[in-house]
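Colleague: Residues per chain are reported as follows:
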Amino acid sequence: MIAFDNVAYSYGGGELLSEITLRLAPGSFHFLTGPSGAGKSTFLKLCYGDLMPSAGRITLFDRDLRSLSRDDIALTRRRIGMVQQDCQFLDHLPLAANVALPLMVAGKPTVPQDLSDLLGWVGLGQLADAKPPSLSGGERQRAALARAIIIGPDVVLADEPTGNLDWEMSLRLLTLLVELNRMGKTVLIATHDLNLIRQAKSLVASRVLRISKRRVQLAGADL
Amino acid sequence: MSLLSLIKPDRQADRQADRVVPPSGHTAWLTSFTAGAMAFLAVFALALSLAAGRLADRWSDALERTATVRLSAPEDQMDLQTKAVLAVLTTTPGIASARAMTDAEQRALLEPWFGPDLPVDALPLPRLIELTETGAGYDGEGLRQRLMAEAPGAVLDDHTRWRRPLAVAASRLRLLGLLSIGLIGTATAAMITLAASAALAANAQVVRVLRQVGARDAYIARAFVRRFTLRAISGAAGGTLLGMIGVALLPSTDSAGGFLTGLGFQGISWLYPLALPPLVAIVAFAATRAAAFRKLRELT
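As you go down the protein sequences, you meet chains A and B in turn.
Heads up, the first sequence is in the working numbering, so the first residue is 1 and it goes up one at a time.
Heads up, the second sequence is in the working numbering, so the first residue is 1 and it goes up one at a time.
To be clear, the hints were calculated from the coordinates, so they are not data collected in a lab.
Glycine included, C-beta positions come from ideal geometry on N, C-alpha and C.
One thing to keep in mind: the hints can contain errors.
[Stated by the list, open to error] Ranges between beta-carbon positions, derived for each pair:
1. A:6 x B:202: 47 to 53 Å
2. A:129 x B:179: 53 to 59 Å
3. A:14 x B:190: 48 to 54 Å
4. B:202 x A:129: 21 to 27 Å
5. B:278 x A:37: 51 to 57 Å
6. B:290 x A:13: 45 to 51 Å
7. B:269 x A:129: 35 to 41 Å
8. A:79 x B:202: 29 to 35 Å
9. A:184 x B:202: 37 to 43 Å
10. A:23 x B:290: 39 to 45 Å
11. B:190 x A:37: 53 to 59 Å
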């Protein structure tokens, strides 16, 4: 689904990531951890074609990232739902329209009942008409998750999705991501919150990747 | 993406694309104002160009087939030499008609400079003989030599020295009008390009969000192109309407004293300015589309 083959990424003359070889299998659940500045966000950006590797090869859905045109990358992103820490929305549109944006962009019809159900699933059913600037951090994260999955992506990437949330809200979001995984979605969560990872272990069979010294390694039992 | 697809109101995809761009901003009125002001100026440039063309044609037509023989002679020989000149002219191939102007006609010619009370009889004025050519024309040099032999005081003026600079001036005026329209179009494209680039830069967050959810560049560009094209065509329509009203309110020929004779639109030429809003829309469409794709490549 997403495969890295000896990938490196350089930024500002220095190598941020190097010799990364891994494969995200369909239906898998991964955490990506590491200290701040280790390159977790960069890794996720490589995963959905926002950045190009400086060396090695990234394969997205069996196609070499380098061979993809700008349009191909856009189409590929419709198969990858992205939840970022600093969720950005179109502030002039109500929440429901923001969540439905991937469908609008793809030229697909929005089924009102489906949209309503999705908003209810993430606990935002009463805020469909609210404008994004009026939402709290937790509401924004859940709205971003709803937007990421409305089009039915194969993969969900989340970059520090609980970074600005309290523990209760973090667990709620984690539960939603676990539910998605049970629906067959591949999930990769970048986080430095080890408590969240430990909590997830009781909910889902997950693997933990750690970025250390520019390399991504499978983390052991020392979490 | 075609221009037609942008102005068809029932295109749901375009309307949806349009929604993703925030509805207001300084670029909105700037685009409309620029398109309106440029269309307003273009109406006057068009009117000037058309008027110059008509003026050139009229001057050419009026002077092209006529000539004047100016006869200076002692008073007692004036009638005799006038007859001799007329005899020469009526027997010259290529001349359709010739006649001596009356004192009243000569007085009318001089009246603008000397007033209505000019005593023509008391002044040693030359006699003016007006001739009209046939379509084949006449041999000017041969006629000059014959006049010199039959009436030494007769001078042939075929109006060339007047006609040519007037026709050249009118043609250049027409060219200047067309050049102005071209410059106005270029300036419009430049202004709309700047406004579109500024709008894209100001909406970098919108572009980021759209890209994150899988929008292609064409989709993002369409949202901005549609917005700017519609703003431009509405501004241009307003500017054109005001320009046409302005031309219609120009002083009439009589009150303008002849200098502005014909400046404006006549007959079917009143329809010509109506082509300006669609032309501005085409310019805006092309300029915004080029600017959008260029800016989107920069925002990668």
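Colleague: Give a verdict on every hint.
Modeller: Quick rundown of the hints versus the structure:
Roughly 41 Å separates the CB atoms of residue 6 of chain A and residue 202 of chain B, a value that falls outside the hinted 47 to 53 Å. Range check, residue 129 of chain A to residue 179 of chain B: Cβ separation about 54 Å, and the 53 to 59 Å hint holds. Here the CB-CB span from residue 14 of chain A to residue 190 of chain B is close to 42 Å, at odds with the stated 48 to 54 Å. Between residue 202 of chain B and residue 129 of chain A the C-beta distance comes to about 26 Å, which sits within the given range of 21 to 27 Å.
For the hinted restraint 51 to 57 Å between residue 278 of chain B and residue 37 of chain A, the CB-CB distance of approximately 55 Å keeps it satisfied. At roughly 34 Å, the beta-carbon separation of residue 290 of chain B and residue 13 of chain A lies outside the given 45 to 51 Å, and the hint is violated. Taking 35 to 41 Å as the suggested C-beta distance range, the pair residue 269 of chain B and residue 129 of chain A does not conform, at roughly 54 Å. Look at residue 79 of chain A against residue 202 of chain B: about 31 Å separates their beta carbons, and that is inside 29 to 35 Å.
The hinted window of 37 to 43 Å between residue 184 of chain A and residue 202 of chain B holds, with their beta carbons roughly 40 Å apart. Separated by about 42 Å at the C-beta atoms, residue 23 of chain A and residue 290 of chain B satisfy the suggested range of 39 to 45 Å. Between residue 190 of chain B and residue 37 of chain A the Cβ separation comes to about 44 Å, which falls outside the hinted range of 53 to 59 Å.
In summary, the numbered hints that this structure violates are 1, 3, 6, 7, 11.
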